[in-house]
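Required output: the full structure, derived from the provided sequences and hints.
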Amino acid sequence: MSITEQRPIISKLEKQELFRFLAEGRRVDGRSLLQYRNLSVQLGYIEKAEGSALVELGNTKVLAAVKVGVALPFADTPNEGILIVNAELVPLASPVFEPGPPSEESISLARYVDRSIRESKTIDLSSLCIVPGRSVYSLYIDLYILDYDGNLIDASVIASVNALSTTMLPKYSLEGQNIKKLDEYFKLELKDYPVSLTYAFFGDKYVVDPCLNEEYASDFTVSMTVKSDDRFCAIQKNGGGMLSPRSFLDLLEKSITLGKELRRVAYSQIVKK
Amino acid sequence: MSQGNEQQRQRPIVVPGEPVGDSKFYIPGMNTLKISDRFFATTVGIIRVDGKRLDVISLKSFYQPRIGDLVIGIVKEPSIAGWTVDINSPFLAFLPLSEYPEKRIRLSRDNIGRILESGAVITGFIKDASIFSSPVITLKGKGLGVVSSGTLLNITASKVPRLIGKKGSMLSVIERATGVRLTVGQNGRIIVHSEDSNIIAKIRNVIEMVERESHIYGLTERVEALLLGRKS
Amino acid sequence: MGEKISLFKEDGRRTDGRALDELRPIKIKVGVLSNAQGSAYIEQGKNKILAAVYGPKEALPKHISLPDRCILRCRYHMAPFSTPERKNPAPSRREIELSMILRNALESLVMTSLFPRTVIDIFIEVLQADGGTRCAGLTAAVLALADAGIPLKGLAAACAVGKAEGKVIVDLNDLEDKYGEADMPIAYNPTLDGITLLQMDGIMSKEEIEQALSLAITATQKIHKMQVDALKERFSFSRREV
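Residue numbers (the working numbering), protein chains in the order written: chain A, 1 to 273; chain X, 1 to 232; chain H, 1 to 242.
Keep in mind the hints are simulated off the structure, nothing from the lab.
Any given hint could turn out to be false.
[What the hints assert, rightly or not] Residues from chain H that face chain A, not an exhaustive set, calculated with beta carbons under 7 Å:
(1) Arg93
(2) Glu97
(3) Ser108
(4) Met111
(5) Gln128
(6) Gly194
(7) Thr196
(8) Gln199
(9) Gly202
(10) Ser205
Bear in mind the structure is a predicted one, so any value in this text is a computation, not a measurement.
Cβ atoms here follow ideal geometry from the backbone N, Cα and C, with glycine treated the same way.
Okay, here's the thing in structure tokens:
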């Protein structure tokens, strides 16, 4: 069962300060309302994984690693590779992360990242077929949250896409009924560069890329993933509270503009110009 | 009674989110939500206007204890300092040893369990209630204490005022017609001081009628008719 | 595999004969279970969904309770026989996510500060699934809360909108959900003009989302009216019964 989450108590004074700043169109950490924190991407951080990237968004650290295997395709998609996203909220990252089975937060995060990548067709799953109906590539994206200072969704999408872009797949040859792994590799080709933009709402005001304190103090957050062609492939409101239709339409507009900027920074190392 | 259309004689029911008035004419009361100048109902209920105050009386609700309420409780568990008591509310109430009427109680655990065992029915007053702590019950007072005979019935807590009626009018109609005394707890529990199955069946019917028809005019007359076996 | 599934008939209508902005037939009944404080049942197309509410009651164990408001526990669950292939009754990742999304949506309606330290349990059981179960489930759960006498800021009705073969459509059925290009479940509270549940997957442009949103608001207003009628039906009394 899903239970109302326990949020750490934020002092009244901190909250008041936050709202005072918001009223002036500023944020406590010096950012403007629609400004991202500093973003850095380190490609190929885990050598044992076929693809990986470490993303730091302010103090939030997300490590994404891609492991490649061979699997039986799903019955309804015999010619398509398999993509599975999993997220671990590693206990060392925050006192609110606890060891144990995946929490609803981690499941929801993984599913959102999965939708962002799958629906945008960032990877062409039909190119990941080895023997139709028998053997296809399986790509596991494991997201490791190493430090938690808010906005896991945006950082995780950026980390996943960067990790996929570095992914090398082993080639296989068909020998009779069996397939044989060759000592040759090819690069996974990306078809799109989606970015997610997360906004935290305080009454009718909102900020992009909330840090943890902002997330805790907010009424709810809205995430939207924008593709390279400015179309949307995933949206989700998280938390209670009500979003006015007018604000929703506003966010669509803002996300297209902000998305272009974020995409340029987030994928600067992997997008060929 | 007039043979007018029943629908017209029924007080209109409002549902959560339905506009019920505005601050030009009223001040918002129970079960209302004020948004700028307009009031909205927050529960399914009927509108009651008392002077300028506009309340929505819930047609179904659970019991929220208030100090001074007479309640009928069921003892749940004896502990060292008293008993926890189910009062048909989100919270268990507590009956401290000091609020038990007998002066001399020897403080030993077995004793407490023997004085009031789990399942015992009590009538008491709410001595202390806030939304931040468990309600406290006292048995000190006239007519309070352990109920060892009679029949226990239930009604939706928000309908208790209708069952009692204005200045006890409905209750006295029932008591007069059946010749039996009733103790009605604000928490939606009723003790009928009788074990006669015919009378109990009659009173059950009355309670059902109050539950169902509390928002329709002329309830007292219909209850009287039901008890006296007359056609209304 | 291979054969192309068409989501529209030659006359431009949808596979089940509906127009683009037409809802499936909806049947709602409030107060259908005897033990629950509040309950509701909804049929929307072939969806058959029950919702039940227990509480508010003391939140135990104590550490789950909150000092200033009540907490909600929500379980969205699909019966093993609700889908063509038997569904494992253990909660799937999808059900865990939806339980959370639905809890969030309900949390924005319940006046939680009135009952500190208590818990309200909400159960949504999908008996038969036909696309749009989270939305129909929410429509029913809101009614179960109102039926339980729990103070609400208002009702909210939910409906999915989406896109199939380039056209924006309302209230997607199972087929349209599976083979369409996009699915956007929305719950809307008309009293406060607020969206309480919002998700989208699939591909839509800004203009398409704008169009879908406006269709969703119209559709949820229609469902809201049915909710109001069903609630009033539950509590009104006709002498004919006696």
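Kindly indicate which numbered hints from before are broken by the structure, ordering the numbers from low to high. Result: hints 4, 5 break, sorted rising.
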